[in-house]
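Top to bottom, those sequences are chains P and W. Note that our numbering has the first sequence beginning at 31, numbered continuously upward. Note that our numbering has the second sequence beginning at 302, numbered continuously upward.
Check before you lean on any hint, since a few could be wrong.
What the hints assert, rightly or not - A short, non-exhaustive set of chain P residues, derived as facing chain W with CB atoms under 10 Å:
#1 Asp150
#2 Trp152
#3 Thr268
Quick caveat, the hints were computed from the structure, so don't treat them as lab data. Note that this is a predicted model, so its numbers are computed, not measured. By construction, the Cβ of each residue, glycine as well, lies at the ideal position given by its N, Cα and C atoms.
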Amino acid sequence: MMNRESIQKTADEIKAEPVFQPAAAKTELIAALDSADDLDTLLQSQADALVIGIQGFSSQTRAQIQPEQIKETADHVHAHGKKLYVNVQALLRQSMLSEAQALLQTIIESKADGFYAADDGWLELAAEADCLSLLIWKPETLNASGAEAAFFGSLGVQAISLSHELSLREVGQCAEDCSILEVQIGGYTNWMESQRPLLSNYLSFIESPHPLQPGSIYWLQEQTRQERMPVYQDEQGTHVMSSEPLVSDGVLNVLQSGGISRMRIDGFLKGNTWLAKQIDHARHILEKQAGQAEESQLESSKVWQEESILRKQKG
Amino acid sequence: MEKIELLAPAGNLEKAITALEYGADAVYIGGQSFSLRSRASNFTLEEIRTLCAYAKEHGKKVHVTVNIVPHPDDLQGLTEYLKELDAAGVNAIIASSAAIIDAAKKINPSFEIHVSTQRSNLNAAGVRFWKRIGADRVVLGRESNLEDIREICQEQILPVEVFIHGGMCISYSGRCVLSNHMTLRDANRGGCAQSCRWKYNLFDEEGHELSAGAAPFSMSSKDLMGLDFVEDLMKSGAASLKIEGRMKSAYYLATVVSSYRKLIDAIASQGSADPDFIKELKIEIAKAENRPAGPGFYQGIPRENVQLYRKHDENVTQEYIGLVLDQQGDWLHVQVKNRFFAGDLAEIFGPGMENEKHVIEKILDEDGNALEVCRNPMECVKIYWPRPAVKGAMLRKVPVAGKEA
């Protein structure tokens, strides 16, 4: 949703937009945790739902729990009136399939409210277990049209997370075809995912005296550019993230009135405290009357604006 | 052992016919809409109709890639285009978008659909899903190893297609947007700038450069060379072996396709592959390759020896110099492809013939004048060649130590 071309479109479109009326239904704000340790930080926020990864099956998160911890975590989150979704977005190698089937049963029995998946195999496993209503379909950039979303929506999944590479106008077009859309409105997005251990391969190739530090974040800088992209390696392979986090506070009301009923902020690399602030800020914007959102002067917005659309335009 | 399909890429009609003549059972091509590889020539509808007719006449098949990941505006004209493909007689479309697959099935429920590798299907559940949706074949992700492929095929859910040769995405195909963000070219709509292959500096969490003084970090993979795995894949029950490279030359296709054709036929008739024969075929393919190749994921997760960090060597050992248009007596009628001289050592290879090396003794222009050198590509000349050859055969120049190439 936020390449440079679409950012310019977004700014132009906002200026051209008439006054929007907030949607009648409350927008679900979803917080994808950066850490499993201080989950309670988000329980005090205005998030409606929390997302946490499952060790061995998740992707793009450092917040991970074991399958046997799902029930306890779900009970705890539910006790605070919020939903718990789990991230099982890793692509499934054939050798992971039987374990994935067992994990799905655990998710169902734990009464988690949904699970994010990116592998076509999960669609089948969920259909076979008659729990497609738990599946939040998030194959990253593959969900790029309303027709695509409508197709998967017709299978009975809970929600469709759209590609980040859509302009605001395209998101609106998608919403005309599908009513269960979710978009990421904040945080880093994924730019590349490889099954190869690219970092350790390279460090080994150059005979670096600094072997890969598990859990560490590294940075990649293309030799003719200034931006640095976070990159890390885990048991799933190598992941390159966006050079800057996504910020959408200027368009939240447009998304809401355009029919987007679920919005997600990803705390990856930013921490749960940052995430809680952004969630509360987004809630504040969404609850304000249309037209006033951009004038928000919340304390947290100052931090946010530093990484805003305007900054990205300069880059 | 079930008969396995050898599936070759083709960027234009000439390449498609070359691939089929050199032993491909089917070719996959892109039309001028809805296809990745926007820099490939790609086929007009008229050319698709011509190719389908040619393929049908020769007992071969044509698959058409309709494999973009469409944004909302990209879907305009899709239905009309799919109807044209259906009417043209294409044997299958290769698609990654469920919206496109759904549209094709609504046009004609018997439209054969192959689910693209862009969806990165690596497990049997994914294949079951696509069977339920109505697909006819699944192209597995290039991250599949031999054991996984064997297990998936054993379930006999749908025919399974796997890559056997050619370029490798460093990312899961279809899940990479480096090009989108770094160049505003959408990889999933035909614009991949191969940003992964650029040079990067690598820093640790504290900002110390780890690549200082070393070869730059790169996400470039060696190409896949699957000759060693053909027998296993045939025995696993895979339905199709796919060669990558719609941008590759006719010469490359002829060399690679004929090599895999010979190996598949040898295994089918003898039950196994002779290691010495595989060595010969590797030498043959190296005559047309200009990137180092490796086993991809077939032997497990690739380590640093399967990646490229330095400028890769242009290591083509032999050069394509001419296409045989026909043979009249002891003279070949040849279309010149690259410069060569009378006296050069040349190797001829072609459909259904053994490779042979001979010195080019005499060259004549079309008026019968003797030539010392042919330097104009596409010019037609006659070469003295007093031995059998076939139409469509190709001539390569064989380097001789101490002589100008």
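Consistency of the hints with the structure:
1. A least Cβ separation of about 4 Å between aspartate 150 of chain P and chain W falls short of the 10 Å threshold, and the interface hint therefore holds.
2. With its C-beta approaching chain W no nearer than about 8 Å, tryptophan 152 of chain P sits inside the 10 Å limit, and its interface hint holds.
3. With its C-beta approaching chain W no nearer than about 8 Å, threonine 268 of chain P sits inside the 10 Å limit, and its interface hint holds.
In the structure shown, no violation is registered for any of the earlier numbered hints.
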